[in-house]
Amino acid sequence: SLTDRQVQILAHISEKRTNIEIADIMGYSESTIRQETIRIFEKLQLGGRNEARKYFLENRERFGISAASKGEVPSSREEFAH
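Plus 47 on top of the position in the sequence shown (first one is 1) and you've got our numbering.
Hint data in this document are derived by calculation from the structure and do not stem from the laboratory.
Hints should not be assumed to be uniformly reliable.
[What the hints assert, rightly or not] Capping the alpha-carbon separation at 16 Å, the derived lysine to aspartate or glutamate pairs in EDC-like fashion look like this:
#1 K90 with D51
#2 K101 with E62
#3 K63 with E89
Please take these sequences and the hints and turn them into a complete structure.
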């Protein structure tokens with residue numbers, strides 16, 4: 048299963064954000080986001096960002112994110128921890 052941080056990154060990927068954009072939003076380095084993205088793709092056996100986006104959009108309820116929220120999740124690690 049994915050960590051909370053990985054779910055948050057996956058949600059941002061589903062919104063077509065780049066690793067740099069995700070890093071800025073979440074407060075991590077771009078290399079951290081890149082490594083987490085690789086782990087997400089490996090865990091879910093996804094071939095890339097397009098597959099990840101499709102997977103997230105089809106399974107967002109599983110991650111506790113409603114269709115109405117369009118994948119929106121807290122933007123920083125502090126918000127996500129609460």
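Against the structure, the hints come out as follows:
no.: 1; hint: K90 with D51; in the structure: holds (14 Å)
no.: 2; hint: K101 with E62; in the structure: holds (11 Å)
no.: 3; hint: K63 with E89; in the structure: violated (19 Å)
Checked against the numbered hints given earlier, the structure breaks only hint 3 and satisfies all the rest.
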